[in-house]
Amino acid sequence: MSRPPDTSKGPKPPKAAPVREAAEAFVLARETPTLAAPHARDPLDVKRVMFIVVAALMPCAIAGWYLFGLRVLAMIAVSYAAGGLVEVIVALVRKQEINEGFLVTGLLLPLTLPPGLPLWMVAAGSAFGSLVGKELFGGTGRNLFNPALVGRVFLSLAYPAAMSGHWIKPLCAFPGRLAQYAGTALPEALTGATPLLQAKEGHWSLVSAGSLFWGNVPGSAGETCVPAILLGAALLLITGVANWRTMVASLAGFAALALAMDVLRPGAFAPAYWQLPAGGLLLGVVFMATDPVTGPITNGGKWVYGVLIGAVTVVIRDFTGYREGVMFAILLGNIVAPLLDEIILGLRVRRRRNEP
Amino acid sequence: MLFGRYGTFAGGINLPDEKKATLGSPIRACPKPSRLLVPLAGEGVPSAQCCVTPGQRVQAGERIAERGEGQGVNVYAPLAGRVGGLTMASVIGAAGFFRAPAIELTDVSDPPELPAAEATVDHRTASAQTLRELLEGSDVLTHRRWPRPLRWWVRQGRQHECTTLIVNAMENQPRVTADHRLLVERGPQVIAGASILARAVGVKTAMLAVDGRRTGDYRALVAPAREAGIQLMALSHKYPIGVDAILVKVLARREVPLGSNPMRLGCVIIDAATAMAAWQELSCQSRLGGRVVTLAGEGLAEAGNFFVPFGTPCLELARSPGGFTVHGGPMVGSRCPADAVVTAATDVLLALGARPSRPSTSCIRCGWCTDNCPARLNVSALNDHFELGALDAARSAGVIACVECGICTYVCPSRLPLSQRTKGLKHALSRSRRGGGEPT
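Protein sequence lines, in the order shown, are assigned to chains G and Y.
Its first residue numbered 1, the first sequence is counted upward by one per residue in our numbering.
Its first residue numbered 1001, the second sequence is counted upward by one per residue in our numbering.
Next up, chain Y with everything else stripped away, as it sits in the complex:
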């Protein structure tokens, strides 16, 4: 069998797919931005120190900021241009956008195509120790919802003695096709990157999980995956299988314990874009300086998949007249503020026509949120706890297991902002837990 097939999970819904607009559109260079705001920090990534002066010209790939303490990374210019100065930009974090220091680049050069570099170094024979040292010295960020340094991710995987690597290319929010195009056009590179990461962490099993409806497009992956010893998994597209905790539940047949993460079950999870970036850095010894982003939505003249340099202002890429731009997909995304920029986490930007959600009415206890909750929470009871401010009751109801998929708000006939409230409870709980000094 070319693709392994697996079961599914309780809860979840089949969303309208809406990917047709960009599914077949190849990755292109993005239109030239007027300026870049290259962020120096991220959630959990301390700010790098600027090492250029305003007015200075920089080349693409030139270092513009030096790694800070601890989890910091060096920052490189994604495009050639002139340094405008130090400003602030909004980048995405765990709880939405926040402002971080950024270096402004003006007069930038034309953005490149997604490089199709040939490998200059063959890592298939390198030892795990060598790979780890190379990754330790690299400045790749994971391209997940909140980017962390890849070297931190490898260390975490080692610490938890993980035995399984899962490359999560499910991408099952509507309209998102960035990872799909990456697998279609750069599949062997993604596989090579995944195998580098698998050996660096030292896992026994490595899997690539893809949408079961698209296996026909991924035939080119089969031979490299077999050679690299990576299992291909074609899974159901029921939302939110792309959420880490749910994917692990499906593939490992085990629940992530309350308030914990998949690493406790010995699974490390990474995405296709990070695997590609790791391969580029280690095998081609060059930096990508950008990532593939799907631009879609009614407000756009031209939808498609673009290779976008980091630091490009989101609103320059996707602005809909009279509407608004959403970063990160229709279900889990958040609305872009005016100075939002593309970071490693940006997989999709949607320019949407605006309409305020209708006013919410009171809960009619239909139970659809509870039926469809992939974390098996009683969301309507959590809503009561939220309205009463009963944090302890929410804790004993297990709110910490919420995967923030947004299904409860999606299905709620009373239009209650359920996922927002559940998320609020969850974050309040984890804050109080951290403050109380309890071990996590």
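Looking at chain G on its own, in the form it has when it is part of the complex:
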């Protein structure tokens, strides 16, 4: 790769050169002109997009490791291995390059699973998500549903007992569970109840909103620590990789319906301020609803899509037998996303035709 000499900034210190080159390769590099028109390109390509999403998931993964122990890292490794195996086989059969997309899926799936889940189940979920959720549809960019969520749905339908029982109690005091392998080796850490389960039984007030915010509650590996999710969200929004409209609309839809429930049937359900940091809502809204492949393309569509996801989450949490609704809400959103685009664009073209 030959780059033209950069004359605008003068010589750069040679010491930092390796670091700078590594950084350039991922985030900073300006593009050299391309042979095909137009002869300038935006440096942000799929590789960098995926890298930024993985980087944004890092705080969640580290928080999960801190709170729930080394098992979380083992789950991520197993998920990458199983999903990667599927990807390699598919790439060999199709004679294509291996897609970077699975770096995100393979990391996202374990973060949505109970940290005490048997590792072979993680492997099964990851392989299922990659194969059925993505590759059978034609690979990256052609899938209708978020592959990580397809994997999770598979697990929660195939192993309902394991998916609702293998929670681990978090350890907030330093050094947390950084060096512990909780699970079968540490049976006293296992628990069967999450805050949303308690809320279903009407005992939401047992858990304070503060501990929900900081992550001092049992839950899926990456979903409990709200500050870590917010850090990732900030990175996604600053780089423009995720669309702010989807996030804002989802939270607005959720807050609106949850507040309406507070007013209409006070005391029947957990209040909105409590439900917001509970469960997988924020993780799902930040990292899964904003998945560009499965969401709508138009901005109008993104607003409707987001509101729909937020509202359906409340409905499922409050009125169905399921404790957690985000997963199904996003999958439902995935189904209507192409329809939303179709409607919005139809309106746009019609408006254009009516102009003089």
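Because the hints were derived from the structure by calculation, they are not lab data.
Computed from a predicted structure; not experimentally measured.
We put the CB at the ideal spot given by N, CA and C, even for glycine.
Misleading hints may appear alongside valid ones.
[Stated by the list, open to error] In silico DSBU-like pairs for lysine-lysine, Cα to Cα no more than 35 Å straight-line:
1) G:K47 to Y:K1032
2) Y:K1238 to Y:K1020
3) Y:K1423 to G:K47
4) G:K47 to G:K95
5) Y:K1204 to G:K47
6) Y:K1423 to G:K95
[To be verified] Label pairs and their computed distance ranges (CB to CB):
7) Y:R1005 to G:L197: 55 to 65 Å
8) Y:R1124 to G:L237: 21 to 31 Å
9) Y:P1359 to G:L136: 21 to 31 Å
10) Y:F1098 to G:G138: 31 to 41 Å
11) G:E201 to Y:L1258: 21 to 31 Å
12) G:L136 to Y:H1427: 31 to 41 Å
13) G:L237 to Y:R1264: 36 to 46 Å
14) G:L136 to Y:G1024: 57 to 67 Å
15) G:L347 to Y:R1063: 51 to 61 Å
16) G:A234 to Y:P1115: 34 to 44 Å
17) G:V93 to Y:T1087: 45 to 55 Å
18) Y:P1115 to G:V248: 55 to 65 Å
19) Y:Q1156 to G:L136: 54 to 64 Å
20) Y:P1359 to G:P118: 32 to 42 Å
Based on the hints, put chain Y in the right spot on chain G.
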């Protein structure tokens, strides 16, 4: 207020400007070319008939080919030299370069500076009819992306009863500074030319649209513009405001109807270089025989703005070792073939270091192309239509509104050649429409 300010438009992006290298460099005479290949035809301009014989010496400004039928123009020698013979050269057209007949001139004289001629005729009092007759007899081409005779342009403007003339000096592709230098160095002449054109078409309002960041350089325009009754407009530099349809949308607050052109909204659009050429022809009764071209790029020893005679081979002006030369700017330009020559459309030549674009992957539906499309098209859906060959679906998605700005390819993280495909769909549609005999 010296400069009127206006709003902007939906879509579009802020490109890196990259004009610093040539922004302050004054217009100079270009280095002497080894030969000229003066094209006799253009897109929609039928070939002129050669009226010189090989071996004959010609003077600068001497007629070397006679106007053909209809839209043809006379062709004059840009420099003195010896006629080498009739050959072919590549000139730019609507769909890229195509080959046209050309007269080769060898042993050419040194190219001149951009002439600073004094007006010999004052047209400020001439009637519109007189101006039209003068333009009707002139051989000026519009200096737009595909040049047409100026007299055709005036006739079109009259036919559509246009009420607004917009001089488009936005020049908002990166690295292009030719019109900027022309406004800085020959501003009053450009204004005088614009006012001639405004009166010839018979418009009520005339505007000069410039980049809002450069108004400080254009102070000398203010007094002549006020005298000539031309409004100065300083606009946002968001790309692609320099595209006619978008500029009209910003200034007239109306969308150009699908498959139509700005004249339907009563706006005629011209550029600064044409206004200058019209002034030179009518007021000085001499021909420019060339135009200001920005030469830039990493492959060039000396970047700058040059007055280049028509017919100069592009690769002699800007050749980068191991690279390639782009005609017409980084976003909408095309790669120069070996025999490409400078025509009225050439505003910039870039000598760039080569690197093939990375292979494209499949669409991840991020929607950036759709977000940034100034024509508000769903480019990713059009990409699907292209892959499926669904021309009708593309038509109902409004692909005909595409302004060919290149933003979709620029932003695409999967490196899909989106603008190429959209352009392909659009041209296929307009071809089939023409073939079907439907009224446009």
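Margin query: For each hint given before, does the structure comply? Return the numbers of the non-compliant ones in rising order.
Written below: 1, 5, 8, 11 and 16
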